[in-house]
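**Student:** Here's the letter readout for the chains.
Protein chains: 2
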Amino acid sequence: MFTQTTEYALRAIVHLAQHSSSPRTRTQIAAGTQTPPDYLAKVMRSMVRAGLVKAGRGLHGGFTLARDPASITLFDVVSVVDPIQRIHVCPLGLETHRNTLCPVHRKLDQALATIEHTFRTTAIADLLSDSSGVQPLCATPACAQLLEVRV
Amino acid sequence: MFTQTTEYALRAIVHLAQHSSSPRTRTQIAAGTQTPPDYLAKVMRSMVRAGLVKAGRGLHGGFTLARDPASITLFDVVSVVDPIQRIHVCPLGLETHRNTLCPVHRKLDQALATIEHTFRTTAIADLLSDSSGVQPLCATPACAQLLEVRV
Chain F
67 MFTQTTEYAL RAIVHLAQHS SSPRTRTQIA AGTQTPPDYL AKVMRSMVRA
117 GLVKAGRGLH GGFTLARDPA SITLFDVVSV VDPIQRIHVC PLGLETHRNT
167 LCPVHRKLDQ ALATIEHTFR TTAIADLLSD SSGVQPLCAT PACAQLLEVR
217 V
Chain C
67 MFTQTTEYAL RAIVHLAQHS SSPRTRTQIA AGTQTPPDYL AKVMRSMVRA
117 GLVKAGRGLH GGFTLARDPA SITLFDVVSV VDPIQRIHVC PLGLETHRNT
167 LCPVHRKLDQ ALATIEHTFR TTAIADLLSD SSGVQPLCAT PACAQLLEVR
217 V
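So the sequences go chain by chain: F and C.
Here our numbering is used: the first residue of the first sequence is 67, the next is one more, and so on.
Here our numbering is used: the first residue of the second sequence is 67, the next is one more, and so on.
This is chain F alone, in the form it adopts within the complex (with noise of 0.2 Å):
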């Protein structure tokens, strides 16, 4: 249910926030990530469009968040990518269902709300202060003490 370009995207915001003094070019992103570059290429410019995140030309340009992880929230990446896409009005046009759904389309929908409120109240910050001790991307605990985020 969740694209690969919604895997990819959140993957790379992650991965800004676990290293974010410096900007990171795409090549270290995709890296850092198992990204395709070219892949990469194309959420990365969504996202700077929708000014989650900054791109920087030259010698020490690259991708950096353009906001605080503690601000960014799993439905702020997910919306820029692939949005959840609510049902408000009834998908066959019925216009006595306009103003309460059926039953199917009501629990449909009410599956939708409950994804939507889990990624609304979840920050990028929060998946990285986790108390699992499992750091997103890092393979060994040696990765995870590198990064600069503390767990």
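It is worth saying that the hints were derived from the structure and are not from the lab.
The beta carbon of each residue, even a glycine, is placed where N, CA and C say it ideally should be.
Treat the hints with caution; some may be incorrect.
Pairs of lysine-lysine, DSS-like flavour, derived with a Cα cap of 30 Å [what the hints assert, rightly or not]:
#1 K120/C / K173/F
#2 K108/F / K120/C
#3 K108/C / K108/F
#4 K108/C / K173/F
#5 K108/C / K120/C
#6 K108/F / K120/F
#7 K120/C / K120/F
Label-pair restraints from in silico Cβ distances [to be verified]:
#8 S137/F / A191/C: 38 to 46 Å
#9 S197/C / R164/F: 18 to 26 Å
#10 G199/C / Q70/F: 39 to 47 Å
#11 L212/C / I150/F: 20 to 28 Å
#12 R111/C / R133/F: 12 to 20 Å
Take the given structure of chain F and dock chain C to it, following the hints.
**Tutor:** Quick look at chain C alone, frame taken from chain F:
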């Protein structure tokens, strides 16, 4: 997040539950669910193969539900056409995340688990006996009165 195939499959199953006394042809289902007939044919084949729907040939042939709508859940239908892809293993293949997903993938999987639970605990019959008075696929009270399910 729910595909068009899921939407069409649910409409078709609901339609069959609403007209359980005699088989429904593909043309009748397509008209009653506003579904493209060719697309519907593929969806119906999947549901026949999965044992949710029976297909009869000949003059009085057509599709019927293979089970009581009280025993068919949303999860059963979705699992046939567009299964919920839970995250059981680290998508990056990180060996150290094998037994404990990182917080990103744990959060995504929790969202999927919530949907799975909702879908597993909602039967097609529940959606037809809903007290809202709005019948799926029915634009008018007259239509609802003609159905074989009672709200």
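**Student:** State for each hint whether it applies.
**Tutor:** Hints versus structure:
1. Restraint check for K120/C and K173/F: the C-alpha separation of about 26 Å stays at or below 30 Å, so the hint holds.
2. Of the pairs offered as hints, the one joining K108/F and K120/C is violated, with about 45 Å between alpha carbons and a cut-off of 30 Å exceeded.
3. For the proposed pair K108/C and K108/F, the alpha carbon gap of about 33 Å is over 30 Å, so the pair is violated.
4. With a C-alpha separation of about 25 Å, the suggested pair K108/C and K173/F falls inside the 30 Å cut-off, and the hint holds.
5. Taken as a hint, the K108/C and K120/C pair is honoured in the structure, with Cα atoms around 14 Å apart against an allowance of 30 Å.
6. For the proposed pair K108/F and K120/F, the alpha carbon gap of about 14 Å is at most 30 Å, so the pair holds.
7. For the hint linking K120/C to K120/F, the alpha-carbon distance of about 56 Å lies beyond 30 Å, and the restraint is violated.
8. Our hint of 38 to 46 Å for S137/F and A191/C holds, since their Cβ atoms are close to 45 Å apart.
9. About 19 Å separates the C-beta atoms of S197/C and R164/F, a value consistent with the hinted range of 18 to 26 Å.
10. Distance hint for G199/C and Q70/F: a CB-CB separation of about 41 Å, consistent with the stated range 39 to 47 Å.
11. As the Cβ distance of L212/C to I150/F is approximately 36 Å, the hint placing it in 20 to 28 Å is violated.
12. One distance hint, 12 to 20 Å for the beta-carbon pair R111/C and R133/F, is violated here, with the actual separation near 48 Å.
The earlier numbered hints that this structure contradicts are 2, 3, 7, 11, 12.
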